[in-house]
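*Asks:* What follows is each chain in one-letter form.
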Amino acid sequence: MSDFEYANAPESKAVANISPNYGLFIGGKFVDPKKGKSFSTINPATEELLSKVGYGDKSDIDAAVRSARAAYTKVWSKMPAKERGKYLYRIARIMQERAREFAVVETLDNGKPIRESRDTDIPLAAAHFFYHAGWADKLDYAGFGSKPKPLGVVGQIIPWNFPLLMLAWKIAPALAAGNTVVLKPAETTPLTALLFAEVCQQAGLPDGVVNIVTGDGITGAALVNHPDINKVAFTGSTEVGKAIARSISATKKTATLELGGKAANLVFEDAAIDEAVEGIINGIFFNQGHVCCAGSRLIIQENVADEVLEKLKKRMSLIRVGDPMDKNTDLGAINSKEQLNKIEEISKTGDAEGANRWSPDVKLPTKGFWYPPTIFTGVTQSHRIAREEIFGPVLSVLTFRTPAEAIEKANNTMYGLSAGIWSDKGAKVLWAAKQLKAGVIWSNTFNKFDPASPFGGYKESGWGREGGRHGLAGYLTSDSKVNK
Amino acid sequence: MSSLDVNKTYKLFIGGAFPRSESGRVYEIKGANKKFLANPALASRKDLRDAVVAAKSAQSGWANATAFNRGQILYRIAEIMQGRSEQFVEEICALEGVTTKAAKIQVVEAIDTWVWYSGWCDKLSSVSGSQNQVSGPFYNFTTPEALGVIALFAEGKPSLLGAVRTLAPVLAGGNSAILIASESYPLPAITLGEVIATSDVPGGVVNILTGKTSELLPWIGSHMEIDGVDVAGLNKKQEDEIKLVGADNLKRISRFALGNHPERILSFMEHKTIWHPIGI
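Chains as they are written, first to last, in this note's numbering: chain A, 239 to 722; chain B, 71 to 350.
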């Protein structure tokens, strides 16, 4: 077979005007942190410095919450809903206009392939604002009683895996429902949130409706514990989610939590195998596996396991790992050294506990943080790699004989965020979908997202939904629930 | 000719049976007139765990029954309660010290509550589910499903209505329940168990414990197989405590305003969204 090598197809960095340093976005302006501290954000593919951003501490969080409260009381809650919606439409449009710039900055700061930031993250983020813009003046008809009210000031904390998209999931419904927000981006990926702050300025969004305070976990904790926020919206690990639930337990604050997952991807014997293999690849290697709903447990019916694995390995050998700015790249850089260490640590337990590791022969770049696409076969349910969220391009493979066994294995986890089903039999797909304890079920597809589609988990994968009519509920008062 | 009353022994209700507490403990309940009424069981941690086992094993069968079937069974509870109205009225009068008229109103309201939630069973997904218009060739829909095992702290007064208000919606959604009767006003809840036992509700779907709230509360909060809690009968301090401990498995914990509302059902349900491609 002759090789057709891909020529390099690098996206230009010229479109990204990254400032050498950023302040915090409070009250509609970029301001220096009160203590004057800052931290670096780097390109994980090259370890080069991208920018220095302000480190927000308790006093900065306090200033941001005050600004959000003032904007809520004086401006945003008094504005006709129709006008609120129009601001969100403006934001969506400006994000679309500046989409390429956002995509480049996202890829530089996060390490994800430009193809994904360009085709998935940024368009979906803009779509999220467009979708929720339309809700702003239709809340009375959304099925939450005749006059649902906003909650007030919402503290929002987002992860580093889909920085701008997670920002959109948080800010768009909050603002549409009439709340104001203080958002803390992830420590390693603050840049697109700061770019979004510029969009808010361009859109003429009233000062203080959106406030963005960059920092680390301490900054996030200050936000969660601020006495004047009404709600916490968090996406991140189950461990931190539980800590948040504890720290607000004696308050009137409500919370939505989008937490970890260990999704089962079930392949039945009657699946279209080639399609299933594409789905498995997308399920675990999309975004380097830095996806809470990643299909990280592949559970194959025993009689087709050999065929699936053979095709899967062949397909994995075609994954192009490397420069995220190259438009041909499938698998980019691991987001941080810390995350790489975590992936390495848990994966090593797979070797130690007796599973069989396999990776295609890939040449990883010498600088930056990288991990090859990896599968473990011979995995049992008690292995750490079958139980813990790895959050990397590492797939654990198990098998089953009967459909009942498939469901039992799939549900044998504290998580319940998502699951996949591959079968060409409609009745079987719907049967399995009903049995699976997970909030999002992808049948004969995987990792699909849409602003109109509610997303969120069962069990310890979190509280509440984001997206769709159901996601709005988390940002509105209820005429039946009592928050003490 | 006068004859001596044959008094009832008030026991627990676990897995469709009426056991005493495994601990052998009881506590005394006096009527509004300060006279002895009964020695209900003082449930232990072990009784709670037995109740969770019963609730957990009964839950999927209950959730997988057709909604129409569940609705008929909830209606059946109302029918059986109607037949035993007088007993409930007497019990409420003796316990709460209210007038016969007030007790009758409470019983009627409790019966009507069952009827109201009975009708919800097969309408929940129409009201709370959706078909979502995603941007692509996918059929995408969202439906509510039962959460699992729910612990209910019933309000003390009104004693019967307080229990029914928390229990009926949880059953309508397909959950199984562990009802913790009010510590001070527990007797109608136990009699309610007798109604439920004869209303075609599968054993284990409803479990009723009497005893000390403060003793059971931490074990309920930390039990990993309990998925949700209605804190109606808890004070603020107790609610804070169960929220703190309940974070260990992210229990869904709610308090509701008075009155019947579909949110009482939906707060103990999860929404599942299913994607499927459209194409040939």
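There's no promise every hint is true.
[To be verified] Mimicking DSS-like on lysine-lysine, the simulated pairs with C-alpha atoms at most 25 Å apart in a straight line are:
hint, chain 1, residue 1, chain 2, residue 2
1, A, K251, A, K273
2, B, K193, A, K719
3, B, K307, A, K675
4, A, K575, A, K565
5, A, K480, B, K126
6, A, K490, B, K193
7, A, K251, A, K565
These are computed hints drawn from the structure, not numbers from a lab. If you're wondering where the values come from, they're calculated on a predicted model, not measured in any experiment.
*Asks:* Name the hints, by number, that the structure is in violation of.
*Replies:* 1, 3, 6
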